[in-house]
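Can you build the whole structure from these sequences, using the hints too?
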Amino acid sequence: MAKPKGTLENNIRRLRFDHNEMSQKELAEKVGVSRQTIVAIEAAKYSPSLELAFLIADVFETPLQEVFSYTPPKK
Amino acid sequence: MSYHERNIVIYVITGIVVMAIYTLNIQGIIEAGLLEGPDAGSTIGWSVIKLIGGSILATNVVTIIVTIINAIITQETDVDTTDERDKQIDLVGMKVAFISFSVMFIGIFLGLMFGLTPAYALVGMIYAMWFSSIIESAVRLYLYRRGF
Chain A
1 MAKPKGTLEN
11 NIRRLRFDHN
21 EMSQKELAEK
31 VGVSRQTIVA
41 IEAAKYSPSL
51 ELAFLIADVF
61 ETPLQEVFSY
71 TPPKK
Chain B
1 MSYHERNIVI
11 YVITGIVVMA
21 IYTLNIQGII
31 EAGLLEGPDA
41 GSTIGWSVIK
51 LIGGSILATN
61 VVTIIVTIIN
71 AIITQETDVD
81 TTDERDKQID
91 LVGMKVAFIS
101 FSVMFIGIFL
111 GLMFGLTPAY
121 ALVGMIYAMW
131 FSSIIESAVR
141 LYLYRRGF
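Chains as they are written, first to last, in our numbering: chain A, 1 to 75; chain B, 1 to 148.
Simulated from the structure, these hints should not be mistaken for laboratory data. Do not rely on the hints blindly, as some may be mistaken.
To be verified - Listed below are the simulated EDC-like cross-link pairs for lysine to aspartate or glutamate, each with C-alpha atoms no more than 16 Å apart in a straight line: (1) A:LYS30 with B:ASP83; (2) B:LYS87 with B:GLU36; (3) A:LYS30 with B:GLU84; (4) A:LYS25 with B:ASP83; (5) A:LYS45 with A:GLU9; (6) A:LYS25 with A:GLU42; (7) A:LYS45 with B:GLU84; (8) A:LYS30 with A:ASP58; (9) A:LYS25 with B:GLU76; (10) A:LYS30 with A:GLU9; (11) A:LYS30 with A:GLU51.
Structure (structure tokens):
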């Protein structure tokens, strides 16, 4: 049986806006991934690795929990 | 369409064209009765070498042409950034391709059990490899489009 999944939400869009309206392309270049990967993360269609999550938080100079929030699956 | 998605589409289209040409070539070989003769192995071997060479050449030429056209239209140059998401999508694609090929591989051996000649089985293997690579491309494209 498949393990129930929690939901990973993020504030990347807002954080980009707060940081001089940083484009997805700029953020992608700063963390070393493609723009499509940033698009997928923002849309919560892809869960980044821990390293990439920290890199994104580092770009916004904010703690990880300000960027990502995780809601565990209901038991 | 991203760099990777475009390359997948190029690979699929050139693969279909190359395999269509190969099918005509194999059809000629079959009609000439060369798969029944003692040199069937050698004939298939040469046809596969030509297929691999033609496939690499066609894919590279089309990729270069499409990249140039894309750069002219969009005024942007591609950067081949393969990141963690691309690697994960590649892994899923490879897994699906491996499973598809395994199923076709078993099918060909079942065919051998029921009278398929080894020469036709070899040709079947070539098509099985191609079909599994097309399935892999389709899965990768789907994951890129749907999100992963």
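Now for the hints, and whether the structure bears them out:
1. A:LYS30 with B:ASP83: Measuring from Cα to Cα gives roughly 13 Å; hence the hint holds.
2. B:LYS87 with B:GLU36: violated (44 Å)
3. A:LYS30 with B:GLU84: Judged against 16 Å, a Cα distance of about 15 Å means the pair holds.
4. A:LYS25 with B:ASP83: Holds, because 14 Å separates the two Cα atoms, which is no more than 16 Å.
5. A:LYS45 with A:GLU9: holds (10 Å)
6. A:LYS25 with A:GLU42: Holds, because 13 Å separates the two Cα atoms, which is no more than 16 Å.
7. A:LYS45 with B:GLU84: holds (14 Å)
8. A:LYS30 with A:ASP58: Roughly 10 Å separates the two Cα atoms, so the pair holds.
9. A:LYS25 with B:GLU76: Satisfied, since the Cα-Cα distance of roughly 13 Å is no more than 16 Å.
10. A:LYS30 with A:GLU9: violated (21 Å)
11. A:LYS30 with A:GLU51: Satisfied, since the Cα-Cα distance of roughly 13 Å is no more than 16 Å.
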